[in-house]
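Peer 1: Starting from the known structure of chain X, arrange chain P on it as the hints suggest.
Chains as they are written, first to last, in our numbering: chain X, 391 to 680; chain P, 299 to 591.
Where hints are given, some of them may not hold.
Below, simulated SDA-like cross-link-like pairs (lysine to any residue); rule was C-alpha separation at most 25 Å, straight line [unchecked claim]: (1) P:K513 with X:P514; (2) X:K516 with P:Y579; (3) X:K516 with P:M587; (4) X:K534 with P:L490; (5) P:K513 with P:Q451; (6) X:K516 with P:A489; (7) X:K516 with P:V477; (8) X:K516 with P:S507; (9) X:K516 with P:E578; (10) X:K551 with P:K318.
One side only, chain X facing chain P, incomplete, derived with CB under 10 Å [to be verified]: (11) S499; (12) M503; (13) M504; (14) P557; (15) A569; (16) R572.
In silico negatives: residues of chain P with every beta carbon more than 10 Å from chain X [to be verified]: (17) R328; (18) A374; (19) L413; (20) A525.
None of these hints come from the bench; they were simulated from the model. Where a beta carbon is used, it is the ideal one built from N, C-alpha and C, also for glycine.
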Amino acid sequence: MKASTIVGVAKPMGIVARNTVTETTLERPRQNSSEVLVRAENVTLQYAARASVVTATWRVNFDVHYGDRYILLGQSGCGKSSLLKAIGGFIRPSEGCISIRGAPINGPSPERMMVFQEFDQLFPWKTVLENVIFPMRARSWTRKDRIERARSFIDKVGLTKFANAYPHTLSGGMKQRAAIARAMAIEPDILLMDEPVAALDALTRARLQDELLRLWEELRFTMLFVTHSIDEAVRVGSRILVLSPHPGQVRAELNCPASGGQSEVKDFEQWITSMLHETNSEQVAEGNAV
Amino acid sequence: MTLVSDNSKRHQYIAANVVKPTSARIVVPRSAWSKIFNNALIRRTVLMLIIGLIWEGYAIIVANDLVLPKLSSVLAAMWHSSINGVLIIRTWHSLQTLVVGYAIGIGIGHVITTLAITTRVGSDLLVMLTAMFNPLPAIALLPLAMLWFGIGQGSILFVLVHSAIWPFALNTHAGYLAVSDTLRMAGRNCALTPFNFVAQILMPAAMPSIISGLKISWAFGWRTLIAAELVFGATSSGGGIGWFIFERRNDLKLPDVFAGLLLIVIIGVLVEGVVFRLLEYRTVQRWGMMRSV
Numbered sequence: 391m392k393a394s395t396i397v398g399v400a401k402p403m404g405i406v407a408r409n410t411v412t413e414t415t416l417e418r419p420r421q422n423s424s425e426v427l428v429r430a431e432n433v434t435l436q437y438a439a440r441a442s443v444v445t446a447t448w449r450v451n452f453d454v455h456y457g458d459r460y461i462l463l464g465q466s467g468c469g470k471s472s473l474l475k476a477i478g479g480f481i482r483p484s485e486g487c488i489s490i491r492g493a494p495i496n497g498p499s500p501e502r503m504m505v506f507q508e509f510d511q512l513f514p515w516k517t518v519l520e521n522v523i524f525p526m527r528a529r530s531w532t533r534k535d536r537i538e539r540a541r542s543f544i545d546k547v548g549l550t551k552f553a554n555a556y557p558h559t560l561s562g563g564m565k566q567r568a569a570i571a572r573a574m575a576i577e578p579d580i581l582l583m584d585e586p587v588a589a590l591d592a593l594t595r596a597r598l599q600d601e602l603l604r605l606w607e608e609l610r611f612t613m614l615f616v617t618h619s620i621d622e623a624v625r626v627g628s629r630i631l632v633l634s635p636h637p638g639q640v641r642a643e644l645n646c647p648a649s650g651g652q653s654e655v656k657d658f659e660q661w662i663t664s665m666l667h668e669t670n671s672e673q674v675a676e677g678n679a680v
Numbered sequence: 299m300t301l302v303s304d305n306s307k308r309h310q311y312i313a314a315n316v317v318k319p320t321s322a323r324i325v326v327p328r329s330a331w332s333k334i335f336n337n338a339l340i341r342r343t344v345l346m347l348i349i350g351l352i353w354e355g356y357a358i359i360v361a362n363d364l365v366l367p368k369l370s371s372v373l374a375a376m377w378h379s380s381i382n383g384v385l386i387i388r389t390w391h392s393l394q395t396l397v398v399g400y401a402i403g404i405g406i407g408h409v410i411t412t413l414a415i416t417t418r419v420g421s422d423l424l425v426m427l428t429a430m431f432n433p434l435p436a437i438a439l440l441p442l443a444m445l446w447f448g449i450g451q452g453s454i455l456f457v458l459v460h461s462a463i464w465p466f467a468l469n470t471h472a473g474y475l476a477v478s479d480t481l482r483m484a485g486r487n488c489a490l491t492p493f494n495f496v497a498q499i500l501m502p503a504a505m506p507s508i509i510s511g512l513k514i515s516w517a518f519g520w521r522t523l524i525a526a527e528l529v530f531g532a533t534s535s536g537g538g539i540g541w542f543i544f545e546r547r548n549d550l551k552l553p554d555v556f557a558g559l560l561l562i563v564i565i566g567v568l569v570e571g572v573v574f575r576l577l578e579y580r581t582v583q584r585w586g587m588m589r590s591v
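Chain X on its own, in the form it takes in the complex (with noise of 0.2 Å):
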């Protein structure tokens, strides 16, 4: 690939986009690190396979902010949810270092709480409330407390009524306002959401995405985000980190347009569908001459 070949994509007016391919432009500006939540550095994440290595990522570097709604974008086997499990500390990289507020990850914490997009994350042996309390155990609040909160959360994503429901008496998208309570209430630095309303039908999803965006006004937590969908990363975010796939790397890491009209937003959308879509191409063509 030839870094000419960005220039060819039309793009709106400020956002620079760093070419990928070659080592040298890995070099990024150092930003402020008193900002920086979560920082991965020349993140690579292999998976062993029964015969052979394969490569989820490869050297990957981003910076989530202080209040960030972090997205990472691309399509499948682009390695994002790798790296989003990498931060959650279940996959350890093979090469490279993520740290949080400095100090590097080591295994699961419930600083970093994480939301699936399966609906079967919730225990089904607890009920929505005891759900909500059980990962509080990580944290020295009295149990009243702990209610207390778990109440409020639970109200928060809508759920008052079905604070004793079982899991499997919800519907889907109740399940996933379910978990994204659990994970909130306990005040992780991050959230670390894994495509949380993937599953859910247009509608749901919608409606969850429009809350989810309330529940940061109103909260300012940060959030680390996984989509594949382009339309989703632009309605959720405030920063996307766009992935090539196979293995993933950076392709460009873009401010959303914070308060654009419809076409600029559409513009956006447009210009990083044509990026994804010529890192596709491009692997064909490479496909084709192997």
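Peer 2: Frame of chain X; chain P shown alone:
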């Protein structure tokens, strides 16, 4: 005829107001018969009665108490033996031994599976041991057990524990392995010690398998116990139901033999239908992990 219909000719409309059906029309009460047959207990009792009638009828045709006593004389024998206390004492004796052996077996099974799920050595050990010992009939160990523990309670407990451990460990371990990655990660997110991870996440998540392990172990234990008592029959005096059956067969009291067998069946049904049923109802059914039967 064209395959594509012309929509322009079709009438379009928007309902002015949607009338919700009244609750009476949504919730239709069941008929009395449907209610009765929806009750599993009633259905099964009816089945049981039919089988009992067939037994009774066939026994009348055979008309030989030494081959097949009538159900009514079996029930009478059971009543009689219970009244004079023999059967009750024998049953009590068996149940005591069974509960102790079962509890020890399940306890050891828990320790082994917990080790297996938290350490690799433990996992290798469990896989190897279950592969070796699960197919080994507990009763085959009885002669050896008699050498080690003498004739009596100790030997019976030994084979009982052996018969209870392996099916339980096998099922529980399979249940642990089947817990989804999502649930595991959600659990690991909560800062649990390895022990708490097993106790608070894996155990409830694998509850359906654990309960079926408990059931199978119970049945295996019960069988092994009766078989061991039958072998001991000739030498032990304070035996259980197995001994009762052995003793009465020697006296050619066939109704008593059947009464002993029937009692074993009844206890099995009661444990299954009350103890395990209640356990399932309070756990996996309430949690939506198992359909009600």
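Peer 1: Are the hints correct? Go through all of them and say.
Peer 2: Quick rundown of the hints versus the structure:
Note on P:K513 and X:P514: the hinted pairing holds, with a Cα-Cα distance of about 22 Å set against a maximum of 25 Å. Under the criterion of a C-alpha separation no larger than 25 Å, the hint pairing X:K516 with P:Y579 is consistent with the structure, at around 15 Å. The suggested pairing of X:K516 with P:M587 holds, with an alpha-carbon distance near 12 Å, which does not exceed 25 Å. Restraint check: the Cα-Cα separation between X:K534 and P:L490 comes to about 22 Å, which is no more than 25 Å; the hinted pair holds.
As the CA atoms of P:K513 and P:Q451 are separated by approximately 23 Å, the hinted pair is consistent with the 25 Å bound. Of the supplied pair hints, the one linking X:K516 and P:A489 holds, its CA atoms being roughly 18 Å apart against a limit of 25 Å. Simply put, X:K516 and P:V477 have alpha-carbon atoms about 16 Å apart, close enough for the 25 Å limit, and the pair holds. With a CA separation close to 18 Å, the supplied pair X:K516 and P:S507 stays within the 25 Å bound.
Annotation: proposed proximity of X:K516 to P:E578 holds, straight-line Cα distance about 15 Å (limit 25 Å). Restraint check: the Cα-Cα separation between X:K551 and P:K318 comes to about 23 Å, which is no more than 25 Å; the hinted pair holds. Interface restraint check for X:S499: the shortest CB-CB distance to chain P comes to about 6 Å, inside 10 Å, so the restraint holds. Taken as an interface hint, X:M503 checks out: its beta carbon lies about 6 Å from the nearest beta carbon of chain P, inside 10 Å.
Against a cut-off of 10 Å between C-beta atoms, the interface hint on X:M504 holds, since the closest Cβ of chain P lies about 6 Å away. The beta carbon of X:P557 comes within 7 Å of a beta carbon in chain P, closer than 10 Å, and the hint placing it at the interface holds. Below 10 Å, beta-carbon pairs count as interface contacts, and X:A569 has one with chain P at about 8 Å; its hint therefore holds. Hint status for X:R572: holds, given a least beta-carbon distance of 9 Å to chain P, under 10 Å.
With 10 Å as the threshold on Cβ separation, the claim that P:R328 sits away from chain X holds: the shortest Cβ distance comes to roughly 22 Å. Non-interface status of P:A374 relative to chain X is upheld: no Cβ of that chain comes within 10 Å, the nearest being about 47 Å off. The claim that P:L413 is not at the interface with chain X holds, since no C-beta of that chain comes within 10 Å of its own (minimum 21 Å). Listed as a non-interface residue, P:A525 keeps its Cβ farther than 10 Å from every Cβ of chain X; the least gap is roughly 37 Å.
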